[in-house]
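S.K.: Which chain is which? The protein sequence lines are C and R, in order.
Using my numbering, the letters of the first sequence map in sequence onto residues 10 to 330.
Using my numbering, the letters of the second sequence map in sequence onto residues 85 to 311.
It is possible that some hints are incorrect.
[As the list claims (entries may be wrong)] If you want the footprint, here are the derived chain R segments under chain C, 3+ residues with CB under 8 Å: (1) 155-161; (2) 180-191.
[What the hints assert, rightly or not] In silico lysine-lysine, BS3-like type, Cα no more than 25 Å apart, as pairs: (3) Lys-155(R) <-> Lys-314(C); (4) Lys-314(C) <-> Lys-174(R); (5) Lys-180(C) <-> Lys-159(C).
I should point out that these hints are in silico values taken from the structure, not numbers from a laboratory.
Since the model is a prediction, treat every value here as computed from it, not as a measurement.
For glycine and all other residues, C-beta sits at the position ideal for the given N, C-alpha and C.
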Amino acid sequence: MGRFFISLERVFKTGFINFFRNLSLSIAATAVMVVTLTIVLFAIIANATFNNTISQINDKIDISVYLKDSVTEQQRKEIINTLDSLNNVKSVEYISKDQALEQYRADNKDNLDLLLAISQTDNPLPATIKVKPVDPGRIDEIKSVLEADKVKALQSDETSYSGDRKEAIDKITKATAFFRKAVFVGVITFAVISMLIIFNTIQMAIFNRRDELTIMRLLGASTWYIKGPFIVETMFYGVVAAVSSLVICNSLFVVQSQAFDASSLGLLDMDFANKYFADNFWVFLGMQLISGMLIGALSALIATKRYLKFHQTKQRKLKLK
Amino acid sequence: MILLDRVSKTYGKRTGSALERITMHIEPKEFVIVVGPSGAGKSTLLKLLTREEKPSSGKIVVGGIDYEHLKDRHIPQLRRRIGVVFQDFKLLPNKTVFENVAFALEVVGVGNREIKHTVPKVLAIVGLKGKEKNYPRELSGGERQRVAIARAIVRQPKILIADEPTGNLDPKHAWDVIRVLEKINKYGTTVLLTTHNQDIVNQLKRRVITIRDGRVVSDKASGTYDL
Chain C
10 MGRFFISLER
20 VFKTGFINFF
30 RNLSLSIAAT
40 AVMVVTLTIV
50 LFAIIANATF
60 NNTISQINDK
70 IDISVYLKDS
80 VTEQQRKEII
90 NTLDSLNNVK
100 SVEYISKDQA
110 LEQYRADNKD
120 NLDLLLAISQ
130 TDNPLPATIK
140 VKPVDPGRID
150 EIKSVLEADK
160 VKALQSDETS
170 YSGDRKEAID
180 KITKATAFFR
190 KAVFVGVITF
200 AVISMLIIFN
210 TIQMAIFNRR
220 DELTIMRLLG
230 ASTWYIKGPF
240 IVETMFYGVV
250 AAVSSLVICN
260 SLFVVQSQAF
270 DASSLGLLDM
280 DFANKYFADN
290 FWVFLGMQLI
300 SGMLIGALSA
310 LIATKRYLKF
320 HQTKQRKLKL
330 K
Chain R
85 MILLDRVSKT
95 YGKRTGSALE
105 RITMHIEPKE
115 FVIVVGPSGA
125 GKSTLLKLLT
135 REEKPSSGKI
145 VVGGIDYEHL
155 KDRHIPQLRR
165 RIGVVFQDFK
175 LLPNKTVFEN
185 VAFALEVVGV
195 GNREIKHTVP
205 KVLAIVGLKG
215 KEKNYPRELS
225 GGERQRVAIA
235 RAIVRQPKIL
245 IADEPTGNLD
255 PKHAWDVIRV
265 LEKINKYGTT
275 VLLTTHNQDI
285 VNQLKRRVIT
295 IRDGRVVSDK
305 ASGTYDL
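Just chain R, same shape as in the assembly (with noise of 0.2 Å):
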């Protein structure tokens, strides 16, 4: 599903590489862990992932697209296959939790009774029934953060990707989170999770990716956090 091979990514020629001959193989339906240390090289992955930034060098391939030969005019198309959660959960304050989920639907065309139809369906999976019509301020950071959930997979992506979707949140709200993760990892999409969080990684028993100053330094099959 998710294939990187050696590959590295070098911001500026002071400032050292951010990651560095990379090679890992994600299969579908896997729920992966991602550990490092601040400035490790996490974001920088998932950034290569969703195509915000480009690799220096080294071969990236998800769901069969071979980022090589993607054209930016078809990485919208990319991006609807992918479902991110960021950390800071990127919901629009002027629109109601309805509305935000409705959004990654509108962008892409889908029409006003599909989406009435669906948008209730996917709120009740990450256990959002009846705040349709609240504001992301009303909510607290975990349901926040749900409702980010709501939009990434509200398009049922094959992939979901969170960039440490519990990094501002309590520890009962973070593992609301993980929670609905891996509700949605049981429905079939892959899940790849970045994080800080010591006790989520040693009891969820997933397969764990540990990244320091841009190498993988380990990857095991139930892995725990050890830095």
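Just chain C, same shape as in the assembly (with noise of 0.2 Å):
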């Protein structure tokens, strides 16, 4: 156990020798790494923020279905059930004639004119069912039930969609869709390139040091002595990353986010960007270090792997001259 810790020490500190030693290289592939993870930082936030800002515009989409008068009380139970079976329908109510004058009423309190001229005649406000959607860009389901013959032939009016709003949606809709394939497109690029860059500094560093590889082989250490050093040093770029990254991002959400004004930024609502990202510090801090590691680690042994072999036959390049 004695050795395990002695070497395991000895490890490290080459790995962060190492990381020092090749300072430029070092600084490269840990400068891509950062790109990397603050595209899926900022991916994560602004898929966030997205999110919210439609959920919020979501919330507000509801379709008024108007009854006519004549439509029966069991024709009315059929139209709700069928609704309320669809899986897209959030929520079905039901507002009556009286209900819905009451509300016109309420609305309306203090215009005496209106009022007055509701009193004057029958009540000519139709009953109304109110569906909420879960997912208003996915309405044709609804619209298909609402526009068959038979439903048709009882409303009193063309069914309300919340007008203009839906148009909105959609497009916000469509363009939160494009930008999850766009960045989804991105951070796996960003972290192929940057695997790559980590690989070629691993192998320039394994080359820079060949003579000392054999001889560690030579000399009979053991691969993980070897390899360890290596995956040390990059497992390192992934912190310094990671800590970059999230500094990065902490600097345009906290210090500059009065520059952000949110209505410039239209979809983006920049104080529950600011929120989101506050809250979740921790998370992401440990979700950077762990990805910054594992991109390391990873493109380490699969150099080390390539270029540490056992027996000199497949060992040429490294041979000593």
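Two chains, two frames, a set of hints: combine them into the complex.
M.R.: Dropping the structure here:
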């Protein structure tokens, strides 16, 4: 056990020394990882912010179905039940003629003319079924139920789909979907690039130290004793990159938040993004650290596996002159 | 201590075999010299012993370890039991004499206190007391080779393999190195030496195994260099 800890200490020490020994290479590899991790972090925050914006708007969306006075209770229940059984329906609310009138009166209690006008006739307001969809972007199913001839015949007016709002929602939904795809491609691309660069860095480090590695091999150093420092070094890239990316995000969100006027960014609610970032700071830090170290360790493992073989026949590249 | 039974090694189909049905048995504490012209297969033989190469066929047993059942991940354990000295020294140029020798102990997890205690003793055995802080480039060829020997024996291996350790040295320094090897052998280490140096072979009067074209052509108890 004593030897194990002595070796572990030496592996860590060598790894850190190597990080600083090839400083320019280390900085290059770390920089690419910072870009990757920052993109991931921005993507997560932007995604959460979009979702928040969408759900806020979604909550205001409903579909109003106006029923003719002649609709029987039986027919009404049938429509409500049908709508209720759809997957994309969050809630169905029935507002009777009387309730509608009451609501109208409450809404217009300061407008005596309107109140007078409405009290002079029979209740002109139709009974209404209010449907809240789960996803306002996919209301085709609901639409097809409502536009079936049998149901349509019972409606006094055209169904209201919250008019203009739906188009806005469609746009946001489409933009979000596109954004998610773009981010996914971006994240994968940068992750691969950063792995390639780290891979290259380690390969160069191995090449620079090939004499030392050959000698270590011949002296009977264990595989992990040889590989360990490279893995420590690349994981250290990950740690530095994770912290840097959070510092970058932090300075953008916290220090520069005044510069981003919420309205100028339209969809992005900076207040929410700020709060989301602050609330989840530690989660993000942990996530970035883990992904940074994983990317690093994985690249180092592949690079060392390829170039640190046991037998000289497979190891010509590392052979001494 | 070292047993080879009908060991053959072929590199490629075209080049023919580097070693053909080599059989030899080396007892513990023996001092054996392997001679032969360049390309006879001496280096291949030593590389088989340190498992830098695998034999194409045949059986190798060193210090009770049967190489047939030796897994790659156990190669480090094997190499820790065998000290190896190379013709080109294979010292690390950016480490001092002390650090080069200490390196052999560091890679196997020996503590710093023990390293500080052991390394000077070994450097004294090879006659390099006072050179601890020098870098290899500041030493003569013979001194460098003695550093390499110190590194090979610092872990007290039962077997020391020296692959043409005098190949790059002038006669005086060559003899310095050979004297050190004899001293180590006297302490109880099996020494396997390959050399081209006729003078050394003839004066040592030790067991000489001659290899030519990949075959053992003679094996004499107190042999001379005759090719």
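S.K.: Let me make sure I understand: some of the numbered hints might not hold for this structure. Which ones are they, in numerical order?
M.R.: 5
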